[in-house]
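Visitor: Next come the chains, spelled out residue by residue.
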Amino acid sequence: MIELAVDVVFAMICVALGLAFYRLALGPRLPSRVVALELITSLIIGAVAVYAIKSDIEEFLDVAIVTGLLGFMATVGFARYIEKGGPRDD
Amino acid sequence: MTEWLQLLLTTVLLIVGGGLMLIAAVGVVRLPDLLMRMHATTKAGTLGAALTVAAVAVHFAEAAVTARAAAIILFIVLTAPVAAHAIGRASYFAGVTLWRGTARDDLRGKYDADSHTLASGLEGEQDPDDQTPSAR
Chain D
1 MIELAVDVVF
11 AMICVALGLA
21 FYRLALGPRL
31 PSRVVALELI
41 TSLIIGAVAV
51 YAIKSDIEEF
61 LDVAIVTGLL
71 GFMATVGFAR
81 YIEKGGPRDD
Chain F
1001 MTEWLQLLLT
1011 TVLLIVGGGL
1021 MLIAAVGVVR
1031 LPDLLMRMHA
1041 TTKAGTLGAA
1051 LTVAAVAVHF
1061 AEAAVTARAA
1071 AIILFIVLTA
1081 PVAAHAIGRA
1091 SYFAGVTLWR
1101 GTARDDLRGK
1111 YDADSHTLAS
1121 GLEGEQDPDD
1131 QTPSAR
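Residue numbers (my numbering), protein chains in the order written: chain D, 1 to 90; chain F, 1001 to 1136.
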């Protein structure tokens, strides 16, 4: 039962990553791309967690912690960049 | 019995978490403007990732794993609103276009792009207890 659920959730995350990447590539402007990037970080945390269940290796949770930290830092950095500088019509 | 319950709970958490992440991705593609897209990513996306990590905690059922999973969930739940606020504020100031059907924008005309100040809308009112000469 759990193997089937893991595979189904992997498929869901793959589709979700594709959709988020579509928004990342399409834009229309930098803030939308940053939101898509933030979603991709969340999706990768989920994928790492699912892989930890699939492989039965608990150490993958540390990867999820680091990914979450990096995603937050990237988002805050982009927010500062959008607010303080950069061209208005990117 | 316990084994069976653990298996069922893991499966349910995984499926619900994955479904929420998929909903978030669909929302980020389908919704018309940035602030609505942030609704999808910061609520559904965050909850989806948190539930998936909770599924890991239930699957392993060890104290160390559960503690780390709880730390991840706490961290996600703490940082997602902060990041969303930062992005929303920055992009509004950068002049992101709202959906044409937007009925209400309380900040319209309150932001001065040249001096980078946001008026509160209470500048005209006098506060009798306020002793400072120029209250903003």
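Derived by calculation from the structure, the hints in this document are not laboratory data. Treat the hints with care, as some may be off.
Computed spacing ranges between beta-carbons, pair by pair [what the hints assert, rightly or not]: (1) K84(D) / L1122(F): 20 to 28 Å; (2) A25(D) / T1002(F): 25 to 33 Å; (3) Y22(D) / G1095(F): 18 to 26 Å; (4) I57(D) / G1101(F): 43 to 51 Å; (5) D56(D) / G1109(F): 23 to 31 Å; (6) C14(D) / S1120(F): 24 to 32 Å; (7) V76(D) / A1061(F): 31 to 39 Å; (8) S55(D) / L1074(F): 43 to 51 Å; (9) L4(D) / P1081(F): 46 to 54 Å; (10) H1116(F) / L69(D): 28 to 36 Å; (11) D1105(F) / I2(D): 21 to 29 Å; (12) T1102(F) / I2(D): 42 to 50 Å.
Virtual Cβ for every residue (Gly too), placed ideally from N, Cα, C.
Visitor: Next, verify each hint and record whether it holds.
Guide: Results for each hint:
Under the hint 20 to 28 Å, the C-beta atoms of K84(D) and L1122(F), about 26 Å apart, fit the expected range. Checked against the given bound of 25 to 33 Å, the beta carbons of A25(D) and T1002(F), roughly 47 Å apart, lie outside it. Our hint of 18 to 26 Å for Y22(D) and G1095(F) holds, since their Cβ atoms are close to 24 Å apart. Distance hint for I57(D) and G1101(F): a CB-CB separation of about 48 Å, consistent with the stated range 43 to 51 Å.
For the hinted restraint 23 to 31 Å between D56(D) and G1109(F), the CB-CB distance of approximately 58 Å leaves it violated. In this structure the supplied range 24 to 32 Å is violated for C14(D) paired with S1120(F), their Cβ-Cβ distance being about 46 Å. Between V76(D) and A1061(F) the C-beta distance comes to about 35 Å, which sits within the given range of 31 to 39 Å. Here the CB-CB span from S55(D) to L1074(F) is close to 25 Å, at odds with the stated 43 to 51 Å.
For L4(D) and P1081(F), the Cβ-Cβ distance of about 34 Å falls outside the hinted range of 46 to 54 Å, so the restraint is violated. Roughly 29 Å separates the CB atoms of H1116(F) and L69(D), a value that falls within the hinted 28 to 36 Å. Judged by the Cβ atoms, the range 21 to 29 Å given for D1105(F) and I2(D) is violated: they are separated by roughly 48 Å. About 45 Å separates the C-beta atoms of T1102(F) and I2(D), a value consistent with the hinted range of 42 to 50 Å.
Checked against the numbered hints listed earlier, the structure breaks hints 2, 5, 6, 8, 9, 11; every other hint is satisfied.
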